[in-house]
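**Student:** Protein chains in written order, with our numbering: chain A, 1 to 311; chain B, 1 to 377; chain C, 1 to 308; chain D, 1 to 507.
Keep in mind the hints are simulated off the structure, nothing from the lab.
Hints may be right or wrong, so weigh each one.
Just so you have them, the derived chain B footprint on chain C, three or more residues with Cβ under 8 angstroms [unchecked claim]:
1. 76-90
2. 102-111
3. 216-227
4. 278-285
Derived DSSO-like pairs: lysine-lysine, alpha-carbon spacing no greater than 27 angstroms straight-line [said to hold, decoys possible]:
5. B:Lys238 / D:Lys424
6. C:Lys189 / B:Lys353
7. D:Lys300 / D:Lys284
8. D:Lys422 / B:Lys223
9. A:Lys96 / B:Lys196
10. A:Lys307 / A:Lys133
11. C:Lys189 / B:Lys357
12. B:Lys7 / D:Lys377
13. B:Lys357 / D:Lys74
14. A:Lys257 / A:Lys44
15. D:Lys300 / B:Lys238
16. D:Lys264 / D:Lys300
17. A:Lys13 / B:Lys40
18. A:Lys133 / A:Lys169
19. B:Lys238 / D:Lys422
20. C:Lys132 / A:Lys135
21. C:Lys300 / B:Lys238
22. B:Lys174 / B:Lys114
23. D:Lys74 / B:Lys353
24. A:Lys13 / B:Lys45
25. D:Lys331 / B:Lys238
26. A:Lys46 / B:Lys40
27. B:Lys353 / D:Lys77
28. B:Lys355 / C:Lys300
29. B:Lys7 / D:Lys378
30. C:Lys189 / B:Lys355
31. B:Lys223 / D:Lys376
32. D:Lys122 / C:Lys163
33. B:Lys238 / D:Lys314
34. C:Lys163 / C:Lys189
35. C:Lys300 / B:Lys353
36. D:Lys264 / D:Lys311
Here the structure is a predicted model, which means the values were calculated and not measured.
Each residue gets a CB set at the ideal place from its N, CA and C atoms; glycine is no exception.
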Amino acid sequence: NGSKEKAESGVIKIALVIPSTIDDMAWSEAMYNGILAVQKKMGKDKLKLDVSERLWNAVDAGSAIRQYASEGYNIVIAHGAQYQSLLNDIAPDFPKTTFAYGTGYAADQPNIFAYDPFAQQGAYLLGMIAGLKTKTNIIGIVGPVESGDAIKYNKGFELGVKAVNPKAKVRIAYTGSFGDLVAAGEIAKSQIAAGADILTGTAQQSVGAIRVAEGAGNVFWLSSDMDQSSLAPKTVLAAQAYNFSKVIEEMIDSRSKGVLGGKHIPLTLKNGMEEIVYNPQLASEITPDMKAKIDAAEKKINDGTLKISVE
Amino acid sequence: MKNNEEKKKQKQERLLNLFIVVAALLVALFIGALLFIIAKGNPFKAYSVMFTRPFTSLFGITEILVRAAPLMLVGLGIAIAFRSGILNIGGEGQILIGAIAGAAVALAFPGLPKIILLPMIFMASFLGGALWGGIAGWMRSYLNVNEILSTVMLNYIAMQVYMFLLRGPLIDPKEVSYGTGVPQTAVFSKSAWLAKLIPGTRLHSGIIIAIVLAVAVYILLWKTTIGYRMRAVGIEPKAARTAGMNVQWYLLLAMLLSGGFAGMAGAVEITGVHHRALESISAGYGFSGIVVALFGGLHPLGIIPSSIVFGLLIVGSDMMQRAVNVPASIILSIQGLIILAIVSAQIFLVNPKYKEKMLWILGFNARLKNRNKGERR
Amino acid sequence: MIVQFLVGIIIGGIPLSVSLLLAGLGEMFTQRSGVFNLGVEGIMMLSAFIGFFTVYTIGSPILGIIAAMAVGALMGLLMGLVSITFKAEQGITGIGLFMFGWGLSGTLFRVYVGGVTTIKGIDGINIPVLSKLPVIGPILFNQNPLVYVAYILVPVASWLLFKTSWGLKVRAVGTTPAAADTVGINVVKIRYQSLVIGGIMAGLAGAYLSICQAHLFADNITAGRGFIAVALVYFGRWKPSGIMGGALLFSMAHSFQRLIQVYGINFPYEIAVIIPYVLVIVVLALTWKSQSLGPLALGKPYDREFRG
Amino acid sequence: MAERIQQLEMKHISKRFPGVLALDDVSITLKNGEILALLGENGAGKTTLMNILYGLYHQDEGTVLIDNEVIHVKSPKDALLHKIGMVHQHFMLVPNLTVLENIALGYFQNTRFKLDLGLVRKKMMDISVRYDMAVNPDAYIWQLSVGEQQRVELVKTLTLGANLLILDEPTAALTPQQTDELIDLLKEMAKDNNSIIFISHKLNEVKTVSSKIAVLRNGKLVHEGPTGSYSVTELAEQMAGRQINLPKSPEKSKFGDVMLDIKKVWAHNDQGAWGLQGLDLQLKAGEILGIAGVSGNGQKELADVINGVRKVEKGDILLDNWNITNHSAQKIIDQGLGYIPEDRLHEGTLPAFSVRENLILKDYTTSQMSSSIFLKKKVIDSFAEDLIETFNIKCPDMYTSCASLSGGNIQKVILAREITRKPKVLIAAYPIRGLDIGAAEYVHQRLIEARGAGMAVLLISEELEEILDLCDRIAVIYEGKILKVLSGSEADNRKLGLLMAGVTDEE
Ligand SMILES: Nc1ncnc2c1ncn2[C@@H]1O[C@H](COP(=O)(O)OP(=O)(O)OP(=O)(O)O)[C@@H](O)[C@H]1O
Ligand SMILES: Nc1ncnc2c1ncn2[C@@H]1O[C@H](COP(=O)(O)OP(=O)(O)OP(=O)(O)O)[C@@H](O)[C@H]1O
Ligand SMILES: [Mg+2]
Ligand SMILES: [Mg+2]
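So here's chain A without its partners, still in its complex pose (with noise of 0.2 angstroms):
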């Protein structure tokens, strides 16, 4: 009945919480990114957006989500995996309101969704773009901390560049943080000197590491959770992007239907909530043969026929 009350009002609150800001150039803002699309689609006076940036403890976003949660939102959206035990403790306080957090796979509660990017995928079709492309191959990765979905990512990577490429070499570093972009920068320096021509990384400190790359001229990028073209068209290839605005929309539909969570949202380059975006202005850099080569994969990866594994 409580999903029937804001089908009256018909507007639709939505509260986001952030572990770094908006503008993150990355995973936060990618969600932010998703979120406004879909207002944008909806017209302001039909979904309302509240934003809590910066909330990267777990003890200060608890506070945040309750609040939102007593305030009448419709939708309180946790964005990021150190968030799941806080819903578990607060959805069962408020069973008419939505809650949904990622990555994760556990949607334990009727009221929970877990969103869960499979990286991997989009990371297998870059590692292929990245054996294509290198020259000396040797590829590098810049990245932050070893753990969730970076690990995701750059086995997927790997996996894509062994697979058109056996004899590139795939370097890692990490920096031991997600917000050093001044640390990435140097490890792509370090990268870069050691004969990588192609990088890629995860969270909000590659943006540090593409300046350097930028700087150093003949390097691409590839990005991850966001088009970071922006930053560096001349360098930026290709991203692996989340597309945030279906996330919520099927969020929203389930809601319509009276369903409020209990489920698990895989982001799949299947389900389209995953895409490899390629930089236009570098459109000349991917050659057909190598853009019929990634097409195959995908068409495998979706039909199933191609699993990455990330054991």
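With chain A held as given, fit chains B, C and D with the ligands onto it using these hints.
**Tutor:** Chains B, C and D with the ligands only, in chain A's frame:
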């Protein structure tokens, strides 16, 4: 007669304290208002939310206490170290090591009953934090390595050790089997959860533990021979040595205790709030704890209210950011301003010269009276 | 191969050492005068933004650096106002300053820039011919201009501290302010001057990060470097050469751990990442015997008439 | 040197500190070539008055005039510009700078940015030669003995161009010889048309050096006039407002067993050289044994090794036949050692602790004051109250911090604590240094009482007067060894003076 006068004086002092703290706060808020204008937000609305909204709901009030618990524990540890002459800025690392040690115990003995398991977790966290603080303490005592240097470095090392354990040996097996790989432990068995004080809120019994420990620290520092020695060593190591105290050992002990308390703050967070250990368990409590301790006058019983005030500051500004829609960063800068203003105001409370002037401004004519009588102490 | 690896370490390490060295040298003056400024991180953060913002709007990196230094000086004055004039506890003042600087930079960035944007900044200079020399070429003759500035400042700081009357005053004020006071030295003024110099240097360090190293600004760009710089002052025992040694040790260790990661030597990366921190502690612990007296009045406000 | 100050006047000076009226309408005058001695008990306001003249403090009321012109001395810099120089009660030297650098510090006030040490060296050597005060310009202050530091202070003040000199207890830490030299020097300088204000508690010196005296009591000027007509006892009476008799130990022929036996002890000093070189000494119950010697000859090391805070390299120390060599300080204290250290504020007490807490510093672990780890508040309170009363310690209440007490009262706290525990052996290092004559009388009485009660007292001092008055035997320490032990009756000023200078074979 004399008693009356004493009382009047005490009343004046209290009034002065209040007046000065409020005045300092106003100055900070005024400068903060300029920041709001720069950030294109409405300062009036912001402040009214910040200082009233937390009190309008049970949720707000309980949240303040949820924050106060770890702050109090860290603050107590800092005060112990400070009183013994050591500036412990390694709280952040000690919290993490404490949390992970407690988590390891919670995961290893899920079947034990609550009254055994919880104390074991707290003990483990205490020992973990004590180990981390003790490293710095030992190096300071016996190798003469400056504790500021070592604790800054140890904070980074703790962070990496913590992450290593979380994504390796202690990771939730489900995270591995499912392939999400989020660095967090499995949820503890219920017997490792602190009791909830008020259902429907996050308020847990950690705050009671913290208050009890604050009293214990007070007793330790002022009512026991150990505390006597620790404070003596902090004030004048030379005299303490001449009086037969083992200065090095008491410095080390202070750091062990200080780290142990920070470690227990970690225990409170994992058993009271998250019920598991996860990334980013400390919201800078290691640093805020220093501020809390100093606001509390480095006195355990002062740290109780000061951690609650700081809890209000955190919760209130958090609510304010959502209400006014300004960048979250602005809260940090306003908290910074408040700290600066309040420490600046201390001079009016501590320095008798300024204090007299302030009393005079408030209309208490202590100074002139004394003078005419030509009184000597 | 070995030579290449070593050169790689040095080339990778030098840029990293610059911000630590600059901020550390500044903090050395501050501490020598008796003030413990834990707010360096906040100063670096704010000036990194101001430097970036100036380049972003006006386009001149030189002006950016000047603006960053000016903001650093102002932050130094603020620290002075609270810790010298109001005689507040210095550690806590530093933490306040840190929070203020961090928060303000984040706020201004969001409101007036909006999102991550890159700028032209200052690139390394490639001294023709010389930079082609083997081994020393890339190390000595192919660096960012501020790298040279930072390393030239090491002897300059030494000279200032040990060979000028001002430096003598700073040393005296930080050790026995009462003695300095009784020969007519204005303790407050010297401390303010030292704080301003410390602020300017921290500002330069911040500008280096945003304008020279990253060519952009992002929230928390300094990521703890200011705190490391403060720690290195202790490591270097309040001497420019010691601080340089510390900054080099720390950043070379960083560079080393990055390279072993990049070359795929297989062990948990966490261990690699903590190498520099452990190394700094270990070196200091091993050299404990050569202890020297620091500024004895460090952290203590000075007041002629006030008796604790 | 340029023009001299002809006349200095301080008129109607009042100064208030929170809770204390330190100076109440005080006026003094000083003419060129005069030496004015400023007398008064501890806390009478002498230093405060001089600090006002020197610009360190600012008077609440009153004016300062030089040559009939009102001057405003806002800071020491102004004072130096007016050619006023001051040697402070506590040395104002930077320990980790050299002598030369310390002097340059003041010298370069208004000169160039570049440090020209050569110039200062020349100036300084001029002064040093002219007044015959040898100092090594390149030595670090921390390497110097107290006497040498005192000389540096003087040279510094003169190099900075002062011709009105304020000397605040300059002789407190000097040996008799050094004191004599200083007095000659001051007279010399006065002849040279300098004016001098001299503060001291040692009335003999005052009588020899000064041409004029001013006496402060409780912040008020109670007497001013020429020195000539007063005897030392009269001066003492002026100061304290009562009669004062410095006590002497009554003759005694029977002493107890050997309580402290120091056998050929060797120990390093802070600089790593040998501070004690096979020192040998026996101390009996019920006697006061004086250690006479120029400071820096091993007194500090001796006190330290007995206390267990310095390592004994060779030799043994027996306390009541127990070997305490290299035991921990705690053990030695438990064995029955009492100690009145030289640095009363930072070694003898914990300055920020209350009087109450300082009084229990050595007894808080006894079963009387604590059970297991808990301190017994009530017992301690009444204990502290008792001591404050019996030892007449002047403090607002027992919760006042020790740092805020006057030197004499701090010494009383230490005495009360150490004597009440009835130690077998009591070491007293320079117990009356800096104390006024009334307080000195008090301390001496207590030491004599301790002797009467059978304690073995080791009195380390440079003041021959004190040693001759109190000691049953006198050991002269020289370069880390006991040069000779004299009985109280055979010793006199001259003999001791020679021995202290290392001369053993007179005639
Ligand atoms: N800065 C200060 N703050 C508070 N009280 C002070 C201060 N300086 C001096 N006093 C008080 O003023 C009085 C005079 O002190 P002053 O130091 O002038 O005495 P003095 O005559 O020099 O004593 P002494 O012989 O011990 O050196 C004392 O009661 C002292 O406690
Ligand atoms: N900012 C500075 N940088 C370097 N040296 C300085 C600085 N300020 C002062 N000095 C040195 O100190 C000398 C003057 O110091 P002093 O404290 O007397 O200054 P002042 O301007 O006379 O003081 P005030 O005007 O505040 O009374 C200068 O000649 C120079 O040697
Ligand atoms: Mg005095
Ligand atoms: Mg001037």
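**Student:** Against this structure, judge whether each hint is valid.
**Tutor:** Hints and how they fare:
Taking a C-beta to C-beta cut-off of 8 angstroms, the segment 76-90 of chain C contributes 7 residues in contact with chain B, enough for the three needed, and the coverage statement holds. Coverage of the segment 102-111 of chain C by chain B holds. Counting CB-CB distances below 8 angstroms, 10 residues qualify, and the rule asks for three or more. For the segment 216-227 of chain C, the stated coverage by chain B is satisfied: 3 residues place a CB nearer than 8 angstroms to a CB of that chain, which reaches the threshold of 3. By the rule of at least three residues with a Cβ nearer than 8 angstroms to a Cβ of chain B, the coverage given for the segment 278-285 of chain C holds, with 5 such residues.
Annotation: proposed proximity of Lys238 (chain B) to Lys424 (chain D) holds, straight-line Cα distance about 23 angstroms (limit 27 angstroms). Of the pairs offered as hints, the one joining Lys189 (chain C) and Lys353 (chain B) holds, with about 22 angstroms between alpha carbons and a cut-off of 27 angstroms not exceeded. Taken as a hint, the Lys300 (chain D) and Lys284 (chain D) pair is honoured in the structure, with Cα atoms around 21 angstroms apart against an allowance of 27 angstroms. With a C-alpha separation of about 26 angstroms, the suggested pair Lys422 (chain D) and Lys223 (chain B) falls inside the 27 angstroms cut-off, and the hint holds.
Using a Cα cut-off of 27 angstroms, the hinted pair Lys96 (chain A) and Lys196 (chain B) holds, with the two alpha carbons roughly 23 angstroms apart. For the given pair, Lys307 (chain A) sits about 23 angstroms from Lys133 (chain A) by alpha-carbon distance, which is consistent with the 27 angstroms threshold. Between Lys189 (chain C) and Lys357 (chain B) the CA atoms are separated by roughly 25 angstroms; this keeps the pair inside 27 angstroms, and the hint holds. Of the supplied pair hints, the one linking Lys7 (chain B) and Lys377 (chain D) holds, its CA atoms being roughly 23 angstroms apart against a limit of 27 angstroms.
Between Lys357 (chain B) and Lys74 (chain D) the CA atoms are separated by roughly 21 angstroms; this keeps the pair inside 27 angstroms, and the hint holds. Simply put, Lys257 (chain A) and Lys44 (chain A) have alpha-carbon atoms about 22 angstroms apart, close enough for the 27 angstroms limit, and the pair holds. Distance check on the hinted pair: Lys300 (chain D) and Lys238 (chain B) sit about 14 angstroms apart at the alpha-carbon level, within 27 angstroms; holds. In summary, the hint linking Lys264 (chain D) to Lys300 (chain D) is supported, as the alpha carbons are separated by about 17 angstroms, within the 27 angstroms threshold.
Our distance criterion of 27 angstroms between C-alpha atoms is met by Lys13 (chain A) and Lys40 (chain B), whose separation comes to about 24 angstroms. Taken as a hint, the Lys133 (chain A) and Lys169 (chain A) pair is honoured in the structure, with Cα atoms around 13 angstroms apart against an allowance of 27 angstroms. Between Lys238 (chain B) and Lys422 (chain D) the CA atoms are separated by roughly 23 angstroms; this keeps the pair inside 27 angstroms, and the hint holds. The suggested pairing of Lys132 (chain C) with Lys135 (chain A) holds, with an alpha-carbon distance near 24 angstroms, which does not exceed 27 angstroms.
Between Lys300 (chain C) and Lys238 (chain B), the direct Cα distance comes to roughly 18 angstroms. Compliance with the 27 angstroms bound is thereby established for this hinted pair. With a C-alpha separation of about 25 angstroms, the suggested pair Lys174 (chain B) and Lys114 (chain B) falls inside the 27 angstroms cut-off, and the hint holds. As the CA atoms of Lys74 (chain D) and Lys353 (chain B) are separated by approximately 18 angstroms, the hinted pair is consistent with the 27 angstroms bound. Of the pairs offered as hints, the one joining Lys13 (chain A) and Lys45 (chain B) holds, with about 22 angstroms between alpha carbons and a cut-off of 27 angstroms not exceeded.
Restraint check for Lys331 (chain D) and Lys238 (chain B): satisfied, since their Cα atoms lie roughly 17 angstroms apart, inside the 27 angstroms limit. Distance check on the hinted pair: Lys46 (chain A) and Lys40 (chain B) sit about 26 angstroms apart at the alpha-carbon level, within 27 angstroms; holds. Annotation: proposed proximity of Lys353 (chain B) to Lys77 (chain D) holds, straight-line Cα distance about 24 angstroms (limit 27 angstroms). Distance restraint check for Lys355 (chain B) and Lys300 (chain C): the Cα-Cα separation of roughly 20 angstroms lies within the 27 angstroms cut-off, and the hinted pair is therefore satisfied.
Our distance criterion of 27 angstroms between C-alpha atoms is met by Lys7 (chain B) and Lys378 (chain D), whose separation comes to about 23 angstroms. Of the supplied pair hints, the one linking Lys189 (chain C) and Lys355 (chain B) holds, its CA atoms being roughly 25 angstroms apart against a limit of 27 angstroms. The suggested pairing of Lys223 (chain B) with Lys376 (chain D) holds, with an alpha-carbon distance near 8 angstroms, which does not exceed 27 angstroms. Taking the CA atoms of Lys122 (chain D) and Lys163 (chain C), the gap is about 18 angstroms. The hint holds against a cut of 27 angstroms.
Proposed proximity of Lys238 (chain B) and Lys314 (chain D) is supported: the alpha carbons are some 24 angstroms apart, at most 27 angstroms. Distance restraint check for Lys163 (chain C) and Lys189 (chain C): the Cα-Cα separation of roughly 19 angstroms lies within the 27 angstroms cut-off, and the hinted pair is therefore satisfied. The hinted pair formed by Lys300 (chain C) and Lys353 (chain B) meets the criterion: a straight-line CA distance of about 19 angstroms does not exceed 27 angstroms. At most 27 angstroms may separate the alpha-carbon atoms for a hinted pair to count; Lys264 (chain D) and Lys311 (chain D) meet this at roughly 14 angstroms.
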